[in-house]
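Visitor: Residues per chain are reported as follows:
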Amino acid sequence: MGAISKHGPWALVGALGAAALAIVATERGESVNALWIVVAAICVYVIAYRYYSLFIADKVMRLDPKRETPAVRHNDGLDYVPTNKTVLFGHHFAAIAGAGPLVGPVLAAQMGYLPGLLWILAGVVFAGAVQDFIVLFVSMRRDGRSLGELIRAELGTVPGVIALIGTFLIMIILLAVLALIVVKALAGSPWGTFTVMATIPIAILMGVYSRYIRPGKIGEVSILGFVLLMLAIVYGGSVAEHPTWGPAFTYTGTQLCWMLIGYGFVASILPVWLLLAPRDYLSTFLKIGTIVGLALGIAVVAPHLQMPAMTKFVDGTGPVWSGQLFPFLFITIACGAVSGFHSLISSGTTPKLIANEADARMIGYGGMLMESFVAVMALVSACVIDPGVYFTMNSPAALLGTSPETAAAAVTKLGFAITPDAITAAAKDVGETTIISRAGGAPTLAVGMAHIISSAIGGKAMMAFWYHFAILFEALFILTAVDAGTRACRFMVQDLVGLAVPAFKDTTSWAANIVATALCVSAWGYFLYQGVTDPLGGINTLWPLFGISNQMLAAVALTLCTVVIFKMKRERYAFVTIIPTVWLCICTLTAGWQKIFHADPRIGFLSHADRYSTALAEGKVLPPAKNVEQMSQIIFNDRIDAALAVVFVGLVVSIAVFGVIACIRAFRTDRWTALESDARAVPAE
Amino acid sequence: MAVSSQNLRERWQTLTKCVCDGARLMVGQGDYEAYASHIRKTHPDQAPMTELEFFRNRENARFGVGNRNGFRCC
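So the sequences go chain by chain: B and G.
Under the working numbering, think of the first position of the first sequence as 1, with each following residue one higher.
Under the working numbering, think of the first position of the second sequence as 1001, with each following residue one higher.
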């Protein structure tokens, strides 16, 4: 009787989830309502949270609500503060949610909605949320130390340095790919470019306001900024149509690329209060607001999915990105299923703010489930638009040409019928001149969101507004990430170079700052430029590299978790982290190997380089290169990309080896060897 | 009736405080009152930073020198 009343309601939730998944997976020929996907996802999350996260909390970690957390022990009112569980959940979620879960699922939609959905759900339950939760636990038991410090302490100095270098490379690739998304969304779009550029004076105005006029009034200044942003979107439509201003805000990808590089350099050496902090308010609040709005929109509109459950592109011939379902789907959707980046957040500010150990379950595991739900909504948004439009927007110009006629013919040939008129109409609906080859995820997501939200508010007349709203919202937090990321990279470079040249460490020195910033900006700028000029759209090259690096960091973080579990002598539960670690290693190593050595030049960097060097030796020039120099540049780029993939593969392998050695050593020892801070009970009030 | 409306108002105030604290913490601004009362209690000899100093301190801690916590991606 007790068991029924205890588990009965959960069994019903499970049955509902299973039924919803069955509907989503088996419906053929008729379009499925997106709500079934939402219901299936929520049921999976509820069951996973109730049972699996409880199992991890009770058996693997043995969370102790009576034990002092770093926030209680080191309380200083600043960095270490016992914080309300709900407030901290919001903080943690805002810190982990970004562009990643919005872009990956959109790109993965080329295989249909089912493969992506299943990986998002399985990935988050067994890998992503587990990683976030256990890293949070490990850091919380060690005074809130960072991932690098934790790896150094538990695995050794060498693995610690390896992980640091890996983190730096990920940042570079990440910044390049994020900037590329902005370039792809804004190229040839005066409306979008105007609104995004308008955010700079708006943010500076906000910065001055909150520095000199009303310091500390975040709410006030954010509302002011929000109103100005909305005006910029509305006014942007007229700017785009203006005979002088329209062309003045129309730029090519290459021009935007240089502007972004210049922006990244200047923005990251300005004082934080002037541009970065105020724009951070806007991007954070807009992000949370838009996510809530999208969820409400899907619930109210209950759109039908136009994309099939599975397309023929699971065989690896898709136009959006190349490679078969295994391993590339698992690389394409990183954030939303499992994201190594979160291990940096879970070992950042959050562990220093937890009031009670028991809260870690909701914040670590629950926070990641929430992010996964954002990924599911992004997938839904990409799948509610006409597949013909989807492939028109996401296939490379090399395949589609640039006119609606050639694009319609090419997409129809892919198997998704669309007319040139439909392409022109779709562009007109969102207030753009063209939607052809707008790869990168953001524009597609914006069309999907505009489709959903305009069905709820404003109808077709408002579609262009919502499209540019969505573009702005993504560009805003990408620019914030570019700015903050370049700063973080600069500090890393200063730390690293400072080992050799101590004067370089001085962060108040302008010379050191400028040199380090220039180094970082040129590193990501190089990959950005390479992506912008890539005839296959750049995303094709950079997104898999980003996915591999992000999953690699997750494998590293999960290896750390496994080692800690062994050192706590709880190895019978180590499967909790070993299974996702092994899976991520298989995916990243296979994908890395294929990106380097695959015989298909669309996938393998080296075979692509070979094709060009063979042609070069014969004195031929292959498009998109226009001369011998560009040919050599393409070959050089390919080799750099291949080298980077080699480094990532080497990183995973070496950390895995160090991890196995540490586990064996801990297994042979007959006692606890993990290095936690001493357990102290919470003092009685 | 008076009791329940009082109760309701308290709940509403708790809720708005929670939302405001949450929103401020999302951009790296902790609770000033908690900080000030902590300093008064544990270091009665020290004067806590003013609200403005606290604001600037937290702003720098989020993005400033030697700190990588302001960075996020996904």
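Read the hints as simulated data drawn from the structure, not as lab findings.
Every value quoted in this text rests on a predicted model; they were computed, and no experiment measured them.
Some clues are possibly wrong.
Here are the simulated lysine-lysine pairs, BS3-like style, with alpha carbons at most 25 Å apart [unchecked claim]:
| no. | chain 1 | residue 1 | chain 2 | residue 2 |
| --- | --- | --- | --- | --- |
| 1 | G | 1041 | B | 626 |
| 2 | B | 413 | B | 66 |
| 3 | B | 217 | G | 1017 |
| 4 | G | 1017 | B | 312 |
| 5 | G | 1041 | B | 66 |
Interface residues of chain G toward chain B, partial, derived using beta-carbon atoms under 10 Å [unchecked claim]:
| no. | residue |
| --- | --- |
| 6 | 1012 |
| 7 | 1044 |
| 8 | 1045 |
| 9 | 1047 |
| 10 | 1062 |
Cβ atoms here follow ideal geometry from the backbone N, Cα and C, with glycine treated the same way.
Visitor: Which numbered hints are broken by the structure, listed smallest first?
Guide: 1, 2, 4, 6, 7, 8 and 9
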